[in-house]
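Chemist: Protein sequence lines correspond, in order, to chains A and B. If you use this note's numbering, the first sequence corresponds to residues 1 to 186, in order. If you use this note's numbering, the second sequence corresponds to residues 187 to 374, in order.
Simulated from the structure, these hints should not be mistaken for laboratory data. Treat the hints with care, as some may be off.
[Claimed, not checked] Under the rule of at most 16 Å between Cα atoms (straight-line distance), these lysine to aspartate or glutamate pairs were calculated in the EDC-like manner:
#	chain 1	residue 1	chain 2	residue 2
1	B	Lys259	A	Asp69
2	B	Lys255	B	Asp233
3	A	Lys107	B	Glu302
4	B	Lys212	A	Glu2
5	B	Lys238	A	Asp69
No experiment lies behind these values; they were computed from the predicted model shown.
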Amino acid sequence: MEILLAVIVGAAFGFVLHRIGASNPHNIINMLRLTDLHLMKAILFGISIASALLFVGLALGAINPSHLDVKTSYWGVLAGGIFMGLAWPLTGYCPSTGMAALGDGRKDALFFVLGGLVGAYLYMIAYGQLQGSVLLAKILGGNVTLALTPDPSYPALISGIPGFIPALVVAIVLGVVAWKLPGRRA
Amino acid sequence: MTGQWNWFTGGIALGVVFLLAVFLVKPIGVSTQFVIFDGIVWNAVSDDLITKSPDAKSGYASTNAYLNKSGGKYSKNVIKPINYSFIFVLSMVLGAVLSAKTGGPQPTASDRIAPEVWRFRFGEEGTKRYVVSFIGGVVLLFGARLAGGCMSGHMMSGIMQTSISGYLFAIGVFLAGIPLAILIYGRK
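Taking the hints into account, I'd like the entire structure generated from these sequences.
Modeler: In structure tokens:
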């Protein structure tokens, strides 16, 4: 059953990435050089909708809180993000869109994915050295969220009020930013 | 490009997929599966990379510290690759093929070698594009593993859950990515 869900949700994700133009590195690069923000608008709007419905679903008990997976903050998150930010404008691919671009028959995506496998391997063999270093030490309280979730193992910054209230505020802000950002520059 | 959804339709579709994933199973994440694929290849050529270990939480242990972490969770997924997360990522390729076959945006033959904005800046030649894509892939996935996630897992799934690490990750990506993109390609 889980495998069937993997095929359905995975294919849906690949379909949507392709259909919004995210698997086309031209659009990613133009987003990063701020000449065409349509993908940024779609991403922000997507997060806004998913977040609002997630927290309403959690409050109503319609979504199982054990499905949540809040990642820990550590310096490596920022450092790794910077690494990725430096490589992203060069490739125009991130791991997800690179996979979708394979389905588009893009040859540069194939080289990107092969490089990615090498990069992941390098991290696997470097990890033993990084373990225990300050780079992997948790910061900002670890796996903290802004809004309260039903899972007590995730501390919330705003804990006095139901989680859906701050989550909806964030969702509205993200939605308004998505709406107001310029689209394609003339 | 024709066949491409606008930001409004696309945003709704993205939101629905991310919500559907967490409703049905768990938040979307992709970059970990690059490690699992490497592990499958490595394990095929190694006699002692992964061993059964009744003491480990997952039942498997590895001589590689990364595959061994979190109770050998990744080791187990390497041994049993028919699992949700791995099949999910493979299925993404199928989804993109379906979109392409049903009226989605169509790349030209030149687009399949290098995107338009790249060709405008660096020319049509394929080799240069392939070498940079490969090296970029190395750096990007190393960074993704250091960060513990990628644009899907950290940024979209993370910020969806109002996770602070998602914001931290997004700051790093765009702080580096936007100035570099403008530096390389300009704004014209």
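Chemist: Indicate, hint by hint, whether the structure satisfies it.
Modeler: Here's how the hints hold up against the structure:
no.	hint	result
1	B:Lys259 / A:Asp69	15 Å, holds
2	B:Lys255 / B:Asp233	20 Å, violated
3	A:Lys107 / B:Glu302	14 Å, holds
4	B:Lys212 / A:Glu2	11 Å, holds
5	B:Lys238 / A:Asp69	27 Å, violated
Violated hints, listed in ascending order, are 2 and 5; each of the other numbered hints is respected by the structure.
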